[in-house]
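Once you've looked at the hints, dock chain A against the given chain C.
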Amino acid sequence: MHSLAVSLLTLAIVVMQTAFFPRLGLLIKPDLFLVMVVAYTLVGGIKSGTIAGFALGLVEDLLSGGFIGVNTMTKSLLGFSIGLLEKHIFHDQVFIPSLLTFISTILNNVLGMLIIQSFDQRFTMFPPLGRLAALALFNALLAPLIFIIVRRMENYYARLRMGNLQSQRF
Amino acid sequence: MAQQPRGRRLIIVAVIFLVLMGLIFLTSRERTRQSFPERILHGVIAPFQKIVTGLADFFKGTIQTIGELGRLHRDNQQLRQEVADLKAEKEELEFYRRENVRLRAALGFKERRTLDMVASEVIGRNPSNWLSTLTIDKGSKDGLEQNMPVISRQGVVGRLGAVRQHSSDVLLVNDVRAPIAGVVERTREQVRVLGRTDGLCVVTPYGRSTDLRIGDRIVTWEGSAYFPPGLVIGRIISVEQDNFGVSKQGLLETAVDFHRLEDVFVIRSLDNLPINNGAGGD
Numbered sequence: 001m002h003s004l005a006v007s008l009l010t011l012a013i014v015v016m017q018t019a020f021f022p023r024l025g026l027l028i029k030p031d032l033f034l035v036m037v038v039a040y041t042l043v044g045g046i047k048s049g050t051i052a053g054f055a056l057g058l059v060e061d062l063l064s065g066g067f068i069g070v071n072t073m074t075k076s077l078l079g080f081s082i083g084l085l086e087k088h089i090f091h092d093q094v095f096i097p098s099l100l101t102f103i104s105t106i107l108n109n110v111l112g113m114l115i116i117q118s119f120d121q122r123f124t125m126f127p128p129l130g131r132l133a134a135l136a137l138f139n140a141l142l143a144p145l146i147f148i149i150v151r152r153m154e155n156y157y158a159r160l161r162m163g164n165l166q167s168q169r170f
Numbered sequence: 001m002a003q004q005p006r007g008r009r010l011i012i013v014a015v016i017f018l019v020l021m022g023l024i025f026l027t028s029r030e031r032t033r034q035s036f037p038e039r040i041l042h043g044v045i046a047p048f049q050k051i052v053t054g055l056a057d058f059f060k061g062t063i064q065t066i067g068e069l070g071r072l073h074r075d076n077q078q079l080r081q082e083v084a085d086l087k088a089e090k091e092e093l094e095f096y097r098r099e100n101v102r103l104r105a106a107l108g109f110k111e112r113r114t115l116d117m118v119a120s121e122v123i124g125r126n127p128s129n130w131l132s133t134l135t136i137d138k139g140s141k142d143g144l145e146q147n148m149p150v151i152s153r154q155g156v157v158g159r160l161g162a163v164r165q166h167s168s169d170v171l172l173v174n175d176v177r178a179p180i181a182g183v184v185e186r187t188r189e190q191v192r193v194l195g196r197t198d199g200l201c202v203v204t205p206y207g208r209s210t211d212l213r214i215g216d217r218i219v220t221w222e223g224s225a226y227f228p229p230g231l232v233i234g235r236i237i238s239v240e241q242d243n244f245g246v247s248k249q250g251l252l253e254t255a256v257d258f259h260r261l262e263d264v265f266v267i268r269s270l271d272n273l274p275i276n277n278g279a280g281g282d
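Heads up: the sequence lines are chains C and A, in that order.
If you read the first sequence in this note's numbering, its first letter stands for residue 1, the second for the next number, and so on.
If you read the second sequence in this note's numbering, its first letter stands for residue 1, the second for the next number, and so on.
Extracted from the complex, chain C is given alone in its bound form:
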């Protein structure tokens, strides 16, 4: 059941990212995959974060049609890095997911562009700073909402597992 819920949430994120937000005609589209990775890391820790980063990055790469592995690499690395910090931060504060998402967006773009440039010399430009800041802000605004959805879903299934364990014991 948990796997099905995670798959449905991922499908929703993919469709929102590739069809809903672009259709609204906004100048920038958020990176919902990255927001999900940060949310999963804060809720589940370093292992969940790295796995979420790898899986969501791979899905994003497979849908991009080129440079398969770039997002897989950057997002796993970010999931792992935020996971290292996760135990030291008080993530019930509403601004923590936003702040980490803002920083992660900038790191993800810089790192991704560096990897792409090392493989293809035609990519010579970094995204303009204003555009990158706007993207980071957009992601940061969406972060609390996605964090709450992921936390509620994971807490629900954790309680379900606990209930099953207790009923097996008695």
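Don't read these hints as lab results, they were simulated from the structure.
What you were told as hints is all true, and nothing was included just to trick you.
Computed spacing ranges between beta-carbons, pair by pair:
#1 Leu10(A) to Phe126(C): 30 to 38 Å
#2 Glu99(A) to Ala133(C): 55 to 63 Å
#3 Met162(C) to Glu30(A): 50 to 58 Å
Per the computed footprint, the stretches of chain C lying under chain A, defined by three or more beta-carbons under 8 Å from a beta-carbon of chain A, are:
#4 7 to 16
#5 64 to 70
#6 109 to 115
#7 126 to 136
The structure presented is a predicted model; accordingly, all values stated were derived computationally and were not measured.
Heads up, the beta-carbon is just placed ideally off N, CA and C, and yes, glycines get one too.
Coordinates of chain A only, in the frame set by chain C:
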């Protein structure tokens, strides 16, 4: 479960890193065919993209309509009048068209080229911020093939990349990987249009041009491998000397606003001649 030794974990991470690097290397070049996982994933999400695209249109349309209700009523009255006028004008134009065909035939002119086009809806965009592609709802079942040109009412959109059964990817004009051969409409000088990651394109003349001006319109070249001649690519918005100070190069804003693009046309053939399907750029 026993904890994995640190050394073994490091080896696993190193292997994954090397595999990913290899994958990036292999997929950084233009490919004629998508991999099996890519085709499966696109196939699974395409129907959902189509539904959500419809929902987004409804959502956007409802908000716009509420804000414009009063004006719509006035426009409606005005448009009814215009339709009546245009009907009369259309009949007159039809008369001139027939006369034109007759006179051209009499003078032995070649008939204007006709394009075999397929209308298609944009159902998805590239999730990445680094690549400029979009997904349309027509594929090989509709007779589409890789490299067929894609246009809209405003001008050139791009050319087809990966083509699946029921959907295809379009490499946009401003994608770094899809250069186009164009000409400056004013001087007929041949130029190369190449995308940048910020959504604009760089226009580089093939010769040592010094006559490139802001506002110049760039259209597709007669000898283009993929595009019919004379389609608008965009306008020059700034001009600067190249790095060596020898010739000028311009910055082009595409004629098509890709953020608001909803419908496109894929050109299947020109006068029933197939489009060049060779790999590589213009």
